[in-house]
Amino acid sequence: MFFKQFFDPRLAQYAYMVGCQKEGTAVVIDPMRDIDQYYEVAAKENLKIIAAADTHIHADYISGMREFAERGVKVYASDEGDKDWKYEWLINSDKYDYQLLKDGDVFNLGNIRIKAWHTPGHTPEHLSYLITDGAAGDEPMGIATGDFVFVGDVGRPDLLESAANVAGMMEPSARTLFGTVEKFKQMPEYLQIWPGHGSGSACGKALGAVPETTVGYELRFNKSIKSATSEDNFVKFILEGQPEPPLYFARMKRDNKIGPAVAEPAKPVRKSVADIDGILADSNTVVLDTRERNFYAEGHLKGSLLSPLNKSFNTVAGSYITEEQNIVLVVEEDRVDEAVIDLYRIGLDHVTGFITPEDLQAYGKLETLEVRDFAGSAELIGQPDVAVIDVRKLSEAQEEGSIDGAINIAHTRMLPRLGEVPTGKKLVVHCQAGGRSAVAAAFLKREGYDVVLVDDEFTNYSAAATV
Numbered sequence: 015m016f017f018k019q020f021f022d023p024r025l026a027q028y029a030y031m032v033g034c035q036k037e038g039t040a041v042v043i044d045p046m047r048d049i050d051q052y053y054e055v056a057a058k059e060n061l062k063i064i065a066a067a068d069t070h071i072h073a074d075y076i077s078g079m080r081e082f083a084e085r086g087v088k089v090y091a092s093d094e095g096d097k098d099w100k101y102e103w104l105i106n107s108d109k110y111d112y113q114l115l116k117d118g119d120v121f122n123l124g125n126i127r128i129k130a131w132h133t134p135g136h137t138p139e140h141l142s143y144l145i146t147d148g149a150a151g152d153e154p155m156g157i158a159t160g161d162f163v164f165v166g167d168v169g170r171p172d173l174l175e176s177a178a179n180v181a182g183m184m185e186p187s188a189r190t191l192f193g194t195v196e197k198f199k200q201m202p203e204y205l206q207i208w209p210g211h212g213s214g215s216a217c218g219k220a221l222g223a224v225p226e227t228t229v230g231y232e233l234r235f236n237k238s239i240k241s242a243t244s245e246d247n248f249v250k251f252i253l254e255g256q257p258e259p260p261l262y263f264a265r266m267k268r269d270n271k272i273g274p275a276v277a278e279p280a281k282p283v284r285k286s287v288a289d290i291d292g293i294l295a296d297s298n299t300v301v302l303d304t305r306e307r308n309f310y311a312e313g314h315l316k317g318s319l320l321s322p323l324n325k326s327f328n329t330v331a332g333s334y335i336t337e338e339q340n341i342v343l344v345v346e347e348d349r350v351d352e353a354v355i356d357l358y359r360i361g362l363d364h365v366t367g368f369i370t371p372e373d374l375q376a377y378g379k380l381e382t383l384e385v386r387d388f389a390g391s392a393e394l395i396g397q398p399d400v401a402v403i404d405v406r407k408l409s410e411a412q413e414e415g416s417i418d419g420a421i422n423i424a425h426t427r428m429l430p431r432l433g434e435v436p437t438g439k440k441l442v443v444h445c446q447a448g449g450r451s452a453v454a455a456a457f458l459k460r461e462g463y464d465v466v467l468v469d470d471e472f473t474n475y476s477a478a479a480t481v
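Counting with our numbering, you get residues 15 to 481 for the letters of the sequence shown.
Worth flagging that the hints you see were computed from the coordinates, not collected in a lab.
From the three backbone atoms N, C-alpha and C, an ideal C-beta is built for every residue, glycine too.
Mixed in with the good hints there might be a few duds.
[Unchecked claim] Label-pair distances were calculated between CB atoms; the ranges are:
#1 Q339 x K250: 35 to 43 Å
#2 A447 x K250: 27 to 35 Å
#3 E59 x E372: 40 to 48 Å
#4 R268 x G151: 19 to 27 Å
#5 E461 x N308: 19 to 27 Å
#6 V180 x E461: 50 to 58 Å
#7 G462 x V287: 22 to 30 Å
Just need the whole structure built from these sequences, with the hints factored in.
Next comes the structure, spelled out in structure tokens:
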């Protein structure tokens, strides 16, 4: 059996290729949208991709299922859950080769046997896949668990309500997940677990960085599973402290359900200095600056957003930019493709151009962002004409304390909660260390607010407050 794990560090997402080397065929489980990466590996291994399978309707990235289906590959999708959790783009079309799976259904690739196991809770339709290498034995060797079980955690059951806005689903989903965890406890401890996400994903609150695990290890050390001493204990534990989901999650869930656009990654052109005034005048174009926050603060284009090209790039861009907007990047020329692919993976397809940092300097008409540490902000905090905006997660503010009177809005939810930000006041924006507050401050400045970015460790606040 051929087995390969693919990892995207931005989304902390795992996809898997499982192949029968005797037959020369392979399936890709939970593929991302840019499927050429899988074809490249398959070609090197002398395998033909004949199938693709999703564990569930994803909320954090565009699935590659439709791209595979467009190329004639047979796709496998869940037929569990009610009518609201069906792959509409499949069932409403007669152009694709597909099979809908229920609990216990099996499909094969040569010696490889893949059995669907209904594991609801994270979502109603969620499947895990038990994988058996028939050439080695007649029992499964592992489970592709998708967003059911991770290393050190389980998939959060609140997203249908907190991200997809399906009211009243949070607690019932948690109780459903408890029942699934109880079934998981009966699985053989030797089974390997191949999760859908790793550390850094917003699909759980305590995911580990190790790329795979076993049933036995998780039964012993997974705090979420260990909390399942009773249904009520589990529900309380699993719903506490979940991070606010990025804004774009609702759009991903919708697009993967009704059918993501079939499109190639954008090929943006380099814009000249002479083009910049026109770009800034276009109300449907947003300039996305991918430099580090210190460079942005020292000089940026008026109205530009900030999203440094690091592991949080997708999360930030997806939380501040809508799918209808055109995007012009401020980016080093040798990193354009990297940024475009990251945006493509979350359905931000309209990247029309890019500007290099050198072009910014040549343009010259740049704005600055006021930056202070907590000591320098002490004279502002508490003044009647100043509001403090805390963009940490709510759980952080609750656990680690907050500034008196601060308004807590997680940086990933700033766009829909903009109405909670007071007008007519100077804003002092902070987080835990400056990264999240920088992107929020850039957005608030774009919206016309007078903003001070606190680029400092929050642990310095108590000391600064006594100065």
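Checklist entry - Are E461 and N308 spaced within 19 to 27 Å by their CB atoms? => result This hint holds: roughly 22 Å between Cβ atoms.
Checklist entry - Honestly, do Q339 and K250 meet the 35 to 43 Å range at C-beta? => result Distance hint for Q339, K250 holds at roughly 40 Å.
Item to check | Range agreement (Cβ of K250 with Cβ of A447, hint 27 to 35 Å) | outcome: For A447 and K250 the Cβ distance comes to about 30 Å; the hint holds.
Checklist entry - Range hint 50 to 58 Å: satisfied by the CB atoms of V180 and E461? => result Distance hint for V180, E461 is violated at roughly 29 Å.
Checklist entry - In this structure, is the beta-carbon distance linking E59 and E372 contained in 40 to 48 Å? => result The hint (40 to 48 Å, Cβ to Cβ) holds, given that E59 and E372 are roughly 42 Å apart.
Next on the checklist: I want to verify a distance hint. Is the separation of the beta carbons of G462 and V287 within 22 to 30 Å?
Outcome noted: holds (26 Å)
Item to check | Verdict for R268, G151 (Cβ pair) under range 19 to 27 Å | outcome: violated (41 Å)
In the structure shown, a violation is registered for the earlier hints numbered 4 and 6, in ascending order.
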